[in-house]
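Trainee: These are the residues of each chain, in order.
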Amino acid sequence: MAFTARAENVSPLAALKNVLQDALAVARVGRRTMHYLIRGKREPGSVARQMFAIGNQSLFFMCITMAFIGAIITFQTGLQSKKLVPDFSMIGATYLKLLIRDLAASVGALPLATRVGAGIAAEIGSMVVTEQVDALRMCAADPVDYLVVPRFIASVIMGTVILIIGGFVAYGSGMLVAQLMFDVSPHTFTNLSLVTMGDLVLGVSKAVTYGGAIALVSGQRGLATFGGSEGVGWATTEAVVGSCFAIIVLNLVISTIGYFFVPAL
Amino acid sequence: MGAPAAPVGVLLALPQRVGAFLLALATQIGGVTILLGQILRRLNPARIDRHELFRNLNRMGVRSVPIISATAAFTGGIMVVQAAPFVEQFNAKGFIGWAATFTTFRELGPLLIGLIFNGRVGANNTAELGTMQVTDQVDALRALAIDPIAYLVVPRVLAMISMMVVLTILGDAIALGGAMLTADLLLDVDPRIFWASAIERLETWDFFVGLIKSLLFGVMIALMSCYYGLATRGGAPGVGRAVNASVVASAAGVFIADYFSTFVLD
Amino acid sequence: MIRLEDVHLAFGDNTVLDGVSLEVPPACIYALIGPGAAGKSVLFKVVAGLLRPASGKVFVDDEELGPLNEIELARVRKKIGMLFQNYALFDMNVAENIAFPLRRLFDLSEEEIAERVAERLERVALPGTEHRIPQSMSGGQKKRIGVARATIARPPIVLYDEPTAGLDPVTSQKIYDLVQEEQRAQDTTVMVISSDVAGVLTIADRVGMLHEGRLIFDGTTDDAKASTDPAVRQFVHGLTEGPL
Ligand SMILES: Nc1ncnc2c1ncn2[C@@H]1O[C@H](COP(=O)(O)OP(=O)(O)OP(=O)(O)O)[C@@H](O)[C@H]1O
Ligand SMILES: [Mg+2]
Chain Y
1 MAFTARAENV SPLAALKNVL QDALAVARVG RRTMHYLIRG KREPGSVARQ
51 MFAIGNQSLF FMCITMAFIG AIITFQTGLQ SKKLVPDFSM IGATYLKLLI
101 RDLAASVGAL PLATRVGAGI AAEIGSMVVT EQVDALRMCA ADPVDYLVVP
151 RFIASVIMGT VILIIGGFVA YGSGMLVAQL MFDVSPHTFT NLSLVTMGDL
201 VLGVSKAVTY GGAIALVSGQ RGLATFGGSE GVGWATTEAV VGSCFAIIVL
251 NLVISTIGYF FVPAL
Chain W
1 MGAPAAPVGV LLALPQRVGA FLLALATQIG GVTILLGQIL RRLNPARIDR
51 HELFRNLNRM GVRSVPIISA TAAFTGGIMV VQAAPFVEQF NAKGFIGWAA
101 TFTTFRELGP LLIGLIFNGR VGANNTAELG TMQVTDQVDA LRALAIDPIA
151 YLVVPRVLAM ISMMVVLTIL GDAIALGGAM LTADLLLDVD PRIFWASAIE
201 RLETWDFFVG LIKSLLFGVM IALMSCYYGL ATRGGAPGVG RAVNASVVAS
251 AAGVFIADYF STFVLD
Chain U
1 MIRLEDVHLA FGDNTVLDGV SLEVPPACIY ALIGPGAAGK SVLFKVVAGL
51 LRPASGKVFV DDEELGPLNE IELARVRKKI GMLFQNYALF DMNVAENIAF
101 PLRRLFDLSE EEIAERVAER LERVALPGTE HRIPQSMSGG QKKRIGVARA
151 TIARPPIVLY DEPTAGLDPV TSQKIYDLVQ EEQRAQDTTV MVISSDVAGV
201 LTIADRVGML HEGRLIFDGT TDDAKASTDP AVRQFVHGLT EGPL
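Just so you know, the protein sequences line up as chains Y, W and U, in that order.
1 is the number of the first residue of the first sequence in the numbering used here; add one for each residue after it.
1 is the number of the first residue of the second sequence in the numbering used here; add one for each residue after it.
1 is the number of the first residue of the third sequence in the numbering used here; add one for each residue after it.
By construction, these hints were calculated from the structure, which means they are not laboratory data.
Watch out, some of these pointers could steer you wrong.
Derived lysine to any residue pairs resembling SDA-like cross-links, with alpha carbons at most 20 Å apart [what the hints assert, rightly or not]:
#1 Y:LYS82 with W:ILE34
#2 Y:LYS83 with W:PHE86
#3 U:LYS45 with Y:ASP134
#4 Y:LYS82 with W:THR27
#5 U:LYS225 with U:ASP196
#6 Y:LYS82 with W:THR204
#7 U:LYS78 with Y:ASP134
#8 U:LYS57 with U:ASP18
#9 U:LYS45 with U:THR15
#10 Y:LYS82 with W:LEU265
In isolation and in its complexed conformation, chain Y is listed as follows (with noise of 0.2 Å):
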């Protein structure tokens, strides 16, 4: 991947080369999964497992990682507002409608990425070092629609989920910095005039596409894992690097078509 480049000397044009040919790779690897998407053997059992394995390890994370970017967040709109107009009345509504159409799936996908992706590149990355993708190979198991897809539908329903329920915590410990620093309490705090239905369509399918772009992306780093212990260590760090970046190149993306087709106010 080339912002994470090995090798200790790269031009910024086969830089860019790079980036576009890991996301032609990424691409590929997204085909071929929509394909046994359709057409795959599932193991029995193991797509459950997959969302166990990401609810396991990242739902504790993410809690505690969304009620400190809540707190954050609702600490800084009330500085802002503060200094514009010190009225408060709408700062809950405001807080809702943003968490539910954007923070909540894009500032979270980015812990969510760091956690997710770097344990699915690390756990194929190893099996491709000790040669178990090969022998999967040797049984018919194209490693995608082994490894690659039960991580995708994994990842985008747990992460949805996940995503889901960091806002709510967002939302509680907003508040809960509402009533302490601005004192606004929780009932005028709890304001959902501005939430529309776009917001919601808008903000699940963000939450949608980060989940199946962490698995995508980092299944592919996965996959191309090479060069033993140390390769499986680039490997982590290149698929946390590049969901990042992904989500925000997408969070771009959605969020262009989301202002013009899914009118904020």
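Based on these hints, arrange chains W and U with the ligands on the given structure of chain Y.
Mentor: Just chains W and U with the ligands now, kept in the frame of chain Y:
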């Protein structure tokens, strides 16, 4: 690959897991603190391997410029896209420049660059130190009477902290460029109005809050990644596990540091 | 039948296979010998379609692998069983490891699968170890589990990479006997890599010697024993004097 446990099992396991988590947390905080002490001892008087320091500054800093720039530019854009509906509704085009700079300097810049830096440089550092550890290279250094903390850790920690601050300044600038461009394209906000509103309302302190934060994040990431790297055990899977643990611990550390500094630095 | 025609392969600037041509006739045991890092394991992976050569052709049963994509390659690989040098066992228990190819390739009942797993474990002298975890077993035991996994689906071609590494002489001989018996019973085509040259020559019909990416010898076992090439002589007879 753990088997899905029955819900009852999960419930019963919860207190046990919280206990294990707290124990592990205490061990890690202790380990990181000891590492910090060891580093500080080597800084007085400072005996820094200049060659290692420059190699790491280049590797960790200069090599991160592309990913930091790309992320920052996109984030600046996203910030304005998200704010756009509100700006239009409240007719607040005169404020967007200030809102964008305020958010970027105080929060978004340090936090986002911290997270990417963690993934790119922190993880990398753990992988490298971890590989050296499991292949007995660290012990080989000791056998040659070279102090691994002074030779391996100190230059990395210094490089990471200073580069985190420098990259935050760069990232802030690029994010604001992205924001300005998006505001111009999407909302027709003239760049001059964008900057005027920023200069009018912004305080120098806002900028420094961000720098102090990025310094703290740099310390977090540097210490965690070195600690987990040197604590690696158990071959190739061990390196994967160490990177994983380090990235997650640093991310948690960054958020917690962010939370406290946000309140303290107000 | 396996045929390689002028195969070249390199990792970066490390040339590993430098123009290898060889043919393994059907129902033959072909021993591949050579010093460390000669490219033996890499050659197996080329035959199995796990690595694509930079140039040259690879045929398995008259089908060329070059133009096949990953899905079509899977069809060819069904004919091949492979024992990996470093075991490559999955993080599952012994029974699941051995049953894995059966489950992927055939639709068998659980009883049939359990029966065949037990039969394989019996053959590799590890009966009753179904529920153990390979990671907790010795190197030699892992090798034998690998042998069981490679042969359980009764593939017409079997590639054994160092089947006796880490085994005591008695168990080694048992494994060689097993390889030979099964090859005779089902007329499979077998390739064996072995550092135990004397042992593997007792069962081999043909021998190939790989050295620095080139096949410096290819012929019958008797020819190998009688070869006057200094490197081959040294290797086959285990001498310390010589070009290697
Ligand atoms: N995946 C890989 N990536 C890079 N280089 C590789 C890879 N696999 C093998 N090599 C290189 O190819 C060369 C031949 O390796 P190979 O494993 O085929 O040797 P070998 O003949 O099996 O040796 P041994 O008897 O020690 O097993 C070695 O130099 C090795 O470093
Ligand atoms: Mg080998």
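Trainee: Does each hint hold? Answer for all of them.
Mentor: Verification of the supplied hints:
1. Y:LYS82 with W:ILE34: Roughly 42 Å separates the two Cα atoms, so the pair is violated.
2. Y:LYS83 with W:PHE86: Judged against 20 Å, a Cα distance of about 16 Å means the pair holds.
3. U:LYS45 with Y:ASP134: Holds, at roughly 9 Å.
4. Y:LYS82 with W:THR27: The hint is violated at about 42 Å.
5. U:LYS225 with U:ASP196: OK: LYS225 of chain U and ASP196 of chain U at ~14 Å, within 20 Å.
6. Y:LYS82 with W:THR204: Status holds; Cα separation ~18 Å.
7. U:LYS78 with Y:ASP134: holds (13 Å)
8. U:LYS57 with U:ASP18: It holds: about 13 Å lies between the C-alpha atoms, which stays within 20 Å.
9. U:LYS45 with U:THR15: Holds: LYS45 of chain U and THR15 of chain U sit about 15 Å apart, inside 20 Å.
10. Y:LYS82 with W:LEU265: Holds, at roughly 16 Å.
The structure does not agree with the numbered hints 1, 4 stated previously, though it agrees with the rest.
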